[in-house]
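A.B. asks: Could you build the full structure based on these sequences and the hints that come with them?
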Amino acid sequence: MSENMKLTLKVWRQKDAKSQGKLETYQLDKISEHMSFLEMLDVLNEQLINTGEEPVAFDHDCREGICGMCSLYINGEAHGPDRGVTTCQLHMRMFKDGDTIYIEPFRSKAFPVIKDLVVDRGSFDRIQHAGGFVSVNTSGNTIDANTIPIPKEDADNAFDAATCIGCGACVATCKNSSAMLFVSAKVAQFSLLPQGKIEAKDRVLNMVHQMDLEGFGNCTNTGACEVECPKGISLENIAIMNKEYFKASTKA
Amino acid sequence: MCPQSENNILFMKSSIGRKILMALSGFFLMFFLAQHFTINFLSVLSEESFNSVSHFMGTNPLIQYALQPVLLFAVIFHLSMGIYLEIKNKAARGAVKYAMNKPGTNAPWVSRNMVYTGIAILLFLGLHFYDFWIPELVTKYVEGDMTGMHAGSFRYYEELVAKFQDPVRVGIYCLAFIFLALHLLHGFQSSFQSVGFNSNRYTPGLKKFGNFFAIVIPLGFIFIALFHYVSHLN
Ligand code: SF4
Ligand code: FES
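The listed protein sequences derive, respectively, from chains A and B. Mapping to the numbering used here: the first sequence position 216 is 216, numbers consecutive. Mapping to the numbering used here: the second sequence position 96 is 348, numbers consecutive.
Among the hints, erroneous ones may be present.
[Unchecked claim] 25 Å max Cα-Cα, derived DSS-like pairs, lysine-lysine: (1) A:K15 - B:K265; (2) A:K197 - A:K109; (3) B:K265 - A:K201; (4) A:K22 - B:K342; (5) A:K6 - A:K18; (6) A:K109 - B:K392.
Hint data in this document are derived by calculation from the structure and do not stem from the laboratory.
C.D. replies: Structural data, given as structure tokens:
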């Protein structure tokens with residue numbers, strides 16, 4: 001049990017999108033292994049404020065692994081060394097007293113740094129807007145989704161795909177900076193369900209087109225995304241998307 | 253433009269279209285590799301059957317004028333698209349690199365280095381064309397000698413054995429096949445994923461078969477080269 005870890009942090013500091021950034025070194029002590037990684041950063045920021053320095057900007061919101069805001073490339077891995085967790089769910093017990101921890105923003109040409117550790121993931125929103133939805137009639141006579149029978153397996157797979165929180169760890173970790181895992185989760189989630197089948201063709205064409213426009217790289221099936229994804233989104237979704245895309249492009 | 257042809261053009265330019273084309277050319281090349289191996293292996297078993305099959309492959313019009321151009325196209329396409337995509341992917345990573353990155357924790361080496369194993373294979377192909385393919389084309393289509401004969405008997409076996417007398421060349425061949433094995437260890441199963449085949453039931457078995465293919469075929473080629481080298485040592 002350690003309530004008293006001493007850590008050396010190497011944190012990426014960057015004034016704004018236009019400035020050059022660099023790694024700064026900070027010393028921290030009295031870090032408890034029960035803290036979450038973000039709590040540890042809160043301690044750092046308090047220390048910086050007390051010494052009159054600018055606190056480190058980092059993204060966070062729910063702090064319980066559901067919003068996808070907290071990003072961070074920690075010691076060479078998206079969301080740090082643990083598996084199946086976001087940064088807010090990462091515990092300091094994954095580190096040891098005396099460790100040096102590198103903290104960098106998620107990097108990709110399509111995720112420009114705004115300030116310090118905060119990146120702009122608007123490219124994901126634009127991909128969603130291109131087709132990551134089902135158009136429903138909201139004029140008052142909407143049919144309840146539960147009245148349509150759906151095979152259990154399809155419902156389960158669609159649900160698994162729907163757990164993607166759009167965090168961007170897949171992109172940050174991919175050697176090609178490819179967004180295929182994210183986009184495929186969105187495509188598969190709908191294409192597996194009867195409600196989503198109606199717009200399936202346009203959805204996959206438009207979302208993939210937008211993904212390419214945003215400047216994400218090309219998937220080479222290394223599988224790194226699947227390992228780093230906090231929600232365990234499966235590569236199977238990418239295979240589903242490839243098939244959907246092929247069908248949509250070859251059928252009139 | 254009608255929407256259909258528009259779709260087709262988008263397909264070729266899209267990330268997914270390109271990956272599917274990489275996979276399809278990969279399938280063709282793996283099929284070619286398997287048949288090339290089968291024929292070469294005949295040279296170990298019987299000089300006579302190796303000669304007659306080689307003569308058939310070298311003179312059959314369907315193979316020469318239909319499959320050979322497809323093969324050449326597939327090789328050029330697979331290589332140039334692979335290198336082009338690698339350059340684009342490097343650019344997509346952005347200008348600033350991670351100060352600390354541990355790619356080995358989430359993806360195998362073979363999957364991350366396809367372009368390097370691929371370029372090693374390309375270099376080998378240069379030597380291979382110089383050794384066999386170009387002389388073959390010159391004999392058949394420049395000199396017009398379609399008989400496949402030399403000094404009263406079929407020349408193919410002789411030519412094969414002659415190339416494997418130089419230990420340096422045998423060494424290069426062996427090394428190249430190690431790179432080929434590394435390339436296939438990722439490429440085989442990756443091609444299936446790219447064309448959208450991923451199923452809980454079949455994919456684990458397919459991956460096993462892929463690893464088997466990736467090791468046994470290159471090992472077989474190495475065996476053939478060493479066999480001819482060793483059995484003609486004097
Ligand atoms: S697929 Fe996983 S890693 Fe990628 S955005 Fe969704 S939850 Fe995050
Ligand atoms: S802060 Fe919401 S997932 Fe981490």
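A.B. asks: Hints numbered earlier in the text: which of these fail when held up against the supplied structure?
C.D. replies: 1, 2, 5, 6
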